[in-house]
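Visitor: Sequence:
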Amino acid sequence: MSHLDRLSSLLSNFEVKAECLLSSEGANLFIYGDQTCLDKLVLVVEPNTLVPIESEPLVCIHVDIGDNKNPLHQAMPEYVEIDLKHPNEFGGKSNVQGIAHLIVTEASMSRCGARFALDRLCDLLVVNILRHQIAEGKIETGIFAGLAHPKLRHVVVAIHDNPHYPWKIEDFVEIAAMSRSQFMAVFNKVLGYSPITYVRLWRMTAARLAILNGKRVKEVANKYGYASGDAFCRAFVSTYGVSPTQMSRQH
Numbered sequence: 001m002s003h004l005d006r007l008s009s010l011l012s013n014f015e016v017k018a019e020c021l022l023s024s025e026g027a028n029l030f031i032y033g034d035q036t037c038l039d040k041l042v043l044v045v046e047p048n049t050l051v052p053i054e055s056e057p058l059v060c061i062h063v064d065i066g067d068n069k070n071p072l073h074q075a076m077p078e079y080v081e082i083d084l085k086h087p088n089e090f091g092g093k094s095n096v097q098g099i100a101h102l103i104v105t106e107a108s109m110s111r112c113g114a115r116f117a118l119d120r121l122c123d124l125l126v127v128n129i130l131r132h133q134i135a136e137g138k139i140e141t142g143i144f145a146g147l148a149h150p151k152l153r154h155v156v157v158a159i160h161d162n163p164h165y166p167w168k169i170e171d172f173v174e175i176a177a178m179s180r181s182q183f184m185a186v187f188n189k190v191l192g193y194s195p196i197t198y199v200r201l202w203r204m205t206a207a208r209l210a211i212l213n214g215k216r217v218k219e220v221a222n223k224y225g226y227a228s229g230d231a232f233c234r235a236f237v238s239t240y241g242v243s244p245t246q247m248s249r250q251h
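Going by my numbering, the residue at position 52 of the sequence shown is 52; the numbering climbs one at a time, nothing skipped.
Keep in mind that the hints are not guaranteed to be accurate.
Stated by the list, open to error - Label pairs and their calculated CB-CB ranges:
| no. | residue 1 | residue 2 | range |
| --- | --- | --- | --- |
| 1 | N222 | I196 | 19 to 27 Å |
| 2 | Q246 | P47 | 21 to 29 Å |
| 3 | D5 | T245 | 16 to 24 Å |
| 4 | N222 | L22 | 41 to 49 Å |
| 5 | C233 | K69 | 13 to 21 Å |
| 6 | G113 | D230 | 44 to 52 Å |
| 7 | E140 | I196 | 20 to 28 Å |
| 8 | H132 | R111 | 23 to 31 Å |
| 9 | P77 | N222 | 30 to 38 Å |
| 10 | P47 | G229 | 30 to 38 Å |
| 11 | N95 | S228 | 40 to 48 Å |
| 12 | S24 | H132 | 18 to 26 Å |
| 13 | D39 | K138 | 15 to 23 Å |
What the hints assert, rightly or not - DSS-like mimics (lysine-lysine), calculated; alpha carbons at most 27 Å apart, straight line:
| no. | residue 1 | residue 2 |
| --- | --- | --- |
| 14 | K17 | K69 |
| 15 | K17 | K138 |
| 16 | K40 | K85 |
Note that these hints are calculated values from the structure, not bench results. For every residue, glycine included, the Cβ atom is placed at its ideal position computed from N, Cα and C.
Please build the complete structure, drawing on both the sequences and the hints.
Guide: Here it is, written out as structure tokens:
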């Protein structure tokens, strides 16, 4: 059985950017500890969240995961704290620990290409923080909860990968290998929406980003499964209160 990629569609539709900074001003991801032994990593998702600061961070990073209409932003807790001191459950370092060490090492040395290397290591760190959120399974509702669920994750990935497909409940029941009643109850509880509502929200959220990035209305309508530009515009106005053209101009 091929590996189920639970993040690529999210990351390709909702760009995540990370940049290593020289100071804590503007930063929302911090690595604490010393050069030989890192302590923890803290990512502050909501700007006004009060997080106890015990020492000066070794490295400060700005992570942009979009506004509160971005499903990645919506799915994250107010802040994420990851222990970097101890080995993971398999007895070795996690990817987050390994990449954090590379970032600290690179930031402490003035080498050619340091800025280029640091920014890409920061991007990679964020991807692995998202993987960590799924693997922990501590988020009970939303996208990460759906992606962590042993049966629903196949449905959620199918929706993310094929937003244009004319999905029906029967399709999801077959993919999840669950009864219809069980699937409906579990999906509503875990994702917080009915399956068809989630499909519509996913299409609209992804379509909004495409419009803001300058894509043409007809192109976006076709990509996200609408029969015509008019049908897409009606759905867009119903969701956001403005037409795609108006939103693009406002942006």
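Visitor: All hints, please: hold or fail.
Guide: Each hint, compared with the structure:
1. N222 to I196: 19 to 27 Å: Hint holds: Cβ distance 20 Å, inside 19 to 27 Å.
2. Q246 to P47: 21 to 29 Å: Holds: the Cβ-Cβ distance is about 27 Å, inside 21 to 29 Å.
3. D5 to T245: 16 to 24 Å: 34 Å, violated
4. N222 to L22: 41 to 49 Å: 45 Å, holds
5. C233 to K69: 13 to 21 Å: 18 Å, holds
6. G113 to D230: 44 to 52 Å: This hint holds: roughly 50 Å between Cβ atoms.
7. E140 to I196: 20 to 28 Å: 22 Å, holds
8. H132 to R111: 23 to 31 Å: The hint (23 to 31 Å, Cβ to Cβ) holds, given that H132 and R111 are roughly 28 Å apart.
9. P77 to N222: 30 to 38 Å: Since the Cβ atoms of P77 and N222 sit about 36 Å apart, the hinted range of 30 to 38 Å holds.
10. P47 to G229: 30 to 38 Å: For G229 against P47, whose Cβ atoms are near 37 Å apart, the range 30 to 38 Å holds.
11. N95 to S228: 40 to 48 Å: The hint (40 to 48 Å, Cβ to Cβ) holds, given that N95 and S228 are roughly 45 Å apart.
12. S24 to H132: 18 to 26 Å: Since the Cβ atoms of S24 and H132 sit about 23 Å apart, the hinted range of 18 to 26 Å holds.
13. D39 to K138: 15 to 23 Å: Holds, since D39 and K138 (Cβ atoms, about 21 Å apart) stay within the stated range.
14. K17 to K69: 16 Å, holds
15. K17 to K138: Measuring from Cα to Cα gives roughly 24 Å; hence the hint holds.
16. K40 to K85: 7 Å, holds
In this structure, the one hint that does not hold is number 3.
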